[in-house]
Amino acid sequence: MNVVNEWAFIGVFMAVAWVLPAAPLVVSWIFRPKRPNAIKMATYECGVETVGDTWVQFKVQYYLTGLIFLVFDVELIFLFPWAIAYNQLDFFAFGAGLLFIFLLADALIYAWRKNALEWS
Amino acid sequence: MEAQCINIIETMASCLVRGGTDPGLAQFLSIALGVLVVTLLPLILVIIFIWLERKIAARVQDRIGPNRVGPFGLLQNVADAVKLIIKEDITPAGADRLIYNAAPVIAILSVILVWGVIPYSPIHIGADLGIGVVYVVAVGSVGTLAIMMAGWSSNNKYALLGAFRVVAALVSYEVPMILALLVPLMIAGTMSMQGIVEAQQGMWFIVSAPIAALVFYISNLAETGRAPFDLIEAESELVAGYNIEYSGMKFGLFMASEFLHSFTANLLFAVIFLGGWSGPFVQQVPALGFVWLMAKTAVPYLFTLILRATIPRVRIDQMMAFNWKFLVPVALVNVLLVALILKVVQELGLSPSPENATDFVANVPQALILLVANLIMGVIVLNMLRNQGRRERMADQARMLRTVEQDKQIVPSAAR
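If you're matching them up, the sequences are chains A and B in order. In terms of the numbering used here, the first sequence opens at residue 851 and continues consecutively. In terms of the numbering used here, the second sequence opens at residue 97 and continues consecutively.
Because the hints were derived from the structure by calculation, they are not lab data. Wrong hints could be hidden among the right ones.
[What the hints assert, rightly or not] Cross-link-like lysine-lysine pairs, in silico, PhoX-like; alpha carbons within 25 Å at most: (1) A:K890 - B:K151; (2) A:K909 - B:K421; (3) A:K964 - A:K909; (4) A:K964 - B:K421; (5) B:K253 - A:K909; (6) B:K421 - A:K890; (7) A:K884 - B:K151; (8) B:K179 - B:K151; (9) B:K253 - A:K890; (10) B:K421 - A:K884.
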């Protein structure tokens, strides 16, 4: 198969693949009983009545983790082409990789020293 | 020529064209058939995985496990599926309906899409993408999105807290996973999944990159929410986590996606580090490749199952610290180490040339040097861990001693 066909496969795949997991939901929708009432529909939080809104402010740590991840993820994508071509490159490629990974590690050390990695 | 038509998936298009079908239509039909096979395969296999998991967990805990429905309880999961289908489905008041209903489907979808690029045998593969590994990583991360959708749309504080935790953990563990993936890519020099398997004809990557394999395995445990990283559904702390409000078949889909994800992660491990379909007689009988692949996947998968039944859960802060302060630095150093060794080996002329890349003997020097370097690095890392652990234990002891001393000083004065 050529390149276009490979991606055609992925295209058809993405169009079809969600139908199969959705099928049992449809079958279930046909067969299941539907008798809702207010108490049944209430939010389940250990049997105690829900207090306040659910969509509240959350811990800043999650946000920091997201930021650190973003830095790494974007930079890691740039390492892929380097890794693929590595066998064909000369010794300079190692130096370039070293520098790049040093920059990555630098960000990690910075976050570490700033206590962004502490979960408390 | 007739013999070619036996293997329908690969040659159906050309056979149909010979039978007088329009080439475009023939191509489409062959693609559609391939898609159907690849989509159905994981959905059928998942029933067996769940049975296997329940049986093994039961044996570890000195129980028998499902044994009533069908031979050896094999039909237990079919019965469970029927039960889930006829259960009433409750959507909590205040839920975001569209997102709430889409989440379980997306959870399964993200796993199934990975199966599209897995090479099952030398000729059976859904699509051999040139960027197969990036595709796997990208599609696999969509599962995280499904969990966040489920947690956010349920309008439940426990679900939301669970989702936050999971997303923070999954997103973090993706970094060492990708870093570990770089090492086999560097040795193979390609991102296509079929290419990676073919690059291992001479030597499996677990031999030349054991540390990367270990990091990949551990971060996969976390990615799939397996013990000791099963904070995703900390029953005792968060009631159930992100899927607390789900019932009936939607809950079933989340469960199925979890089991499937765990197996898929081990399948990837087998493809990338254990040589995929390669094994004896695979060139003569390509279908045998599927058997080898499943046999190789079974090893890390069974290990995962036994781990799940034996190891206690870590805390979220320990989990995050383990990732950022241990796995990521180790993976970074490992990438650099392998890069340096590869270049030195290449300069010395010990690396296998493209002509004999599939030859076992030609691969031995490079693999051996990489293995020794990896082992040395492993010993150094373990030593550092041991020293760190000892320092922390000593500090703890000193603190305890100080407390005891203080108590001694207090008690006599109080007695006086």
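Hints violated by the structure (listed by number, smallest first): 1, 6, 7 and 10
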